[in-house]
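Model the full structure from these sequences, guided by the hints.
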Amino acid sequence: MSHAVVQRRVLDWAPAIAVFALGIAAWQGLVAAFHVQEFLLPKPSVIAQTFWDERGGLWDAGIYTFKEALGGFALGSGLGILFALLFAAYRPLGTAFMPFAVAANAIPIIAFAPIMNNWFGLLNIFSKMAIAAVLCFFPVLINTVRGLTSVDPRSIELMRSYAAGRGSVFRRVRIPASLPHLFAGLKIASVLSMIGAIVGEYFGGPINALGVTILNASAYTNFPLAWAGIVVASAFGILFYGSVALAERLTTSWDPSRRDFQTE
Amino acid sequence: MSATRPAVSIKSLSKSFKTGVTALTGIDLEVRPREFISLIGPSGCGKSTLLRIIGDLIEPSEGTVEVNGKPAHRARLDHDYGIVFQEAVLYDWRTVSKNIALPLELLKWSRDKRAARVRELLELVELEGFEDNHPWQLSGGMQQRVSIARALSFDPALLLMDEPFGALDEMTRERLNLELLRIWDASGSTIVFVTHSIPEAVFLSTRVVVMSARPGRIAGIVDVDLPQPRTGRTREEPRFFELVTQVRELLAAGGAEVT
Numbered sequence: 001m002s003h004a005v006v007q008r009r010v011l012d013w014a015p016a017i018a019v020f021a022l023g024i025a026a027w028q029g030l031v032a033a034f035h036v037q038e039f040l041l042p043k044p045s046v047i048a049q050t051f052w053d054e055r056g057g058l059w060d061a062g063i064y065t066f067k068e069a070l071g072g073f074a075l076g077s078g079l080g081i082l083f084a085l086l087f088a089a090y091r092p093l094g095t096a097f098m099p100f101a102v103a104a105n106a107i108p109i110i111a112f113a114p115i116m117n118n119w120f121g122l123l124n125i126f127s128k129m130a131i132a133a134v135l136c137f138f139p140v141l142i143n144t145v146r147g148l149t150s151v152d153p154r155s156i157e158l159m160r161s162y163a164a165g166r167g168s169v170f171r172r173v174r175i176p177a178s179l180p181h182l183f184a185g186l187k188i189a190s191v192l193s194m195i196g197a198i199v200g201e202y203f204g205g206p207i208n209a210l211g212v213t214i215l216n217a218s219a220y221t222n223f224p225l226a227w228a229g230i231v232v233a234s235a236f237g238i239l240f241y242g243s244v245a246l247a248e249r250l251t252t253s254w255d256p257s258r259r260d261f262q263t264e
Numbered sequence: 265m266s267a268t269r270p271a272v273s274i275k276s277l278s279k280s281f282k283t284g285v286t287a288l289t290g291i292d293l294e295v296r297p298r299e300f301i302s303l304i305g306p307s308g309c310g311k312s313t314l315l316r317i318i319g320d321l322i323e324p325s326e327g328t329v330e331v332n333g334k335p336a337h338r339a340r341l342d343h344d345y346g347i348v349f350q351e352a353v354l355y356d357w358r359t360v361s362k363n364i365a366l367p368l369e370l371l372k373w374s375r376d377k378r379a380a381r382v383r384e385l386l387e388l389v390e391l392e393g394f395e396d397n398h399p400w401q402l403s404g405g406m407q408q409r410v411s412i413a414r415a416l417s418f419d420p421a422l423l424l425m426d427e428p429f430g431a432l433d434e435m436t437r438e439r440l441n442l443e444l445l446r447i448w449d450a451s452g453s454t455i456v457f458v459t460h461s462i463p464e465a466v467f468l469s470t471r472v473v474v475m476s477a478r479p480g481r482i483a484g485i486v487d488v489d490l491p492q493p494r495t496g497r498t499r500e501e502p503r504f505f506e507l508v509t510q511v512r513e514l515l516a517a518g519g520a521e522v523t
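Sequence order for the protein chains is C and Z.
Throughout the first sequence, residue numbering follows our numbering, covering 1 to 264 in sequence.
Throughout the second sequence, residue numbering follows our numbering, covering 265 to 523 in sequence.
Rather than coming from a laboratory, the hints here were simulated on the basis of the structure.
Be aware that a few hints might be false.
[Stated by the list, open to error] If you only want the chain Z side, here are some residues facing chain C, beta carbon under 10 Å, derived: (1) Ile347; (2) Gln350; (3) Thr359.
Model, not experiment: these values are computed from the prediction.
Glycine included, every Cβ here is placed at the ideal spot set by N, Cα and C.
See below:
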């Protein structure tokens, strides 16, 4: 990246950074000015202090919960992609099953969290992975099927004119054309996997999990610690989403609808 | 290989769709090797359908189609033709070079052979220097040239073109017409070209096949006896205008509204 590009990037982000700083300052100022009680809303400075004092425990809890989210994301998205390929390759199967997938996607699946805890055991890491996986599965499946099947019919006609086989059409046309849709699904899934893991932990889990830490801190009116836990959860969520977005940028830089792939 | 074997031979062909629409009926046509044939007719006369039947992308309801002396299906599997659509239909995730090389990949050419052939084609369609660009970085005319290079990449005996310049502005279109004739001459292929521009059909072709509206039939065939090679001047010759008039009258007689 040239110096000019770096400078432009910094300028692009300047307004957002300013809004963030002003928001934190306003929070701090208003809580102090109106003497808001700590159990209602702690000052950012108090949350930061708590975060620093408890950093070891919070980091471990964050990593543990992120592992659950990552495992669920990998499992759910992997199965979603696999089924999407199956449904796109054998259309009758897709026609039979896709309406249920679309319907399932509209259900608040997170309500199944206690059932998963019951099936796999409260303290078993797999119970939270299963919740996250079920949450990730449907959006990835639906988006990928859409990407694989909504290919320009003339692209397929062209491949037929070259006597290309089905496998070749999938590999050379359908799969690359589906990547922008797939990533839209994966980005949704990355956020859902963190939500799934934490909400799963609210229904019970090991003491060193982030959701349990937040829940217990609230129960003992240690709200600065609860808030610090929320900050950690947010940081992991944003980082995860950001990594998927980065992977998208690297693999679909050709996508004309993205346009951040400009020639100098 | 006999010199007299037709490039395309269509016998008593008809096509009806499931919707009950009869798109084509009683089509008989022979295209000789090295000919440049235009199919012209009003919208919905089935000219694009006929082109797709020749390419075995659609099945006829009745009749037979042979390409290079074999059934159309066999000819498609043998890569006997290349096709160009109205839109360039390039793959966004492939660079210009890789779009052109796609048929060669399917034919399992080695990397070196592909690269050498792509260089030749880039020169042929005058796109040197754009090999690493992505399709959306090119103008419509340049995209269509990539599409033509791709269709020619494996040196097919027959080139099928479905209104390839229909979406381009008039100036680009006239330039690409001349370029296409140069490519036709250099590649030695036979071309079947669908258009609804009368001047374009007359300018490019050795014969113009005039079709009538639903159901599509051949209303007449006009031999274009303009001298080869055609140049920018060809469009100004009196004979050019006579032939344009002849095609227009055939279209009108076939029921087309000609303005």
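Comparing the hints with the structure gives:
1. Evaluation of the Ile347 of chain Z hint against chain C yields a held restraint, the C-beta minimum of about 5 Å falling below 10 Å.
2. Here the hint on Gln350 of chain Z is kept, as its CB sits about 9 Å from the closest CB of chain C, short of 10 Å.
3. With a least beta-carbon distance of about 8 Å to chain C, the hint placing Thr359 of chain Z at the interface is held under the 10 Å criterion.
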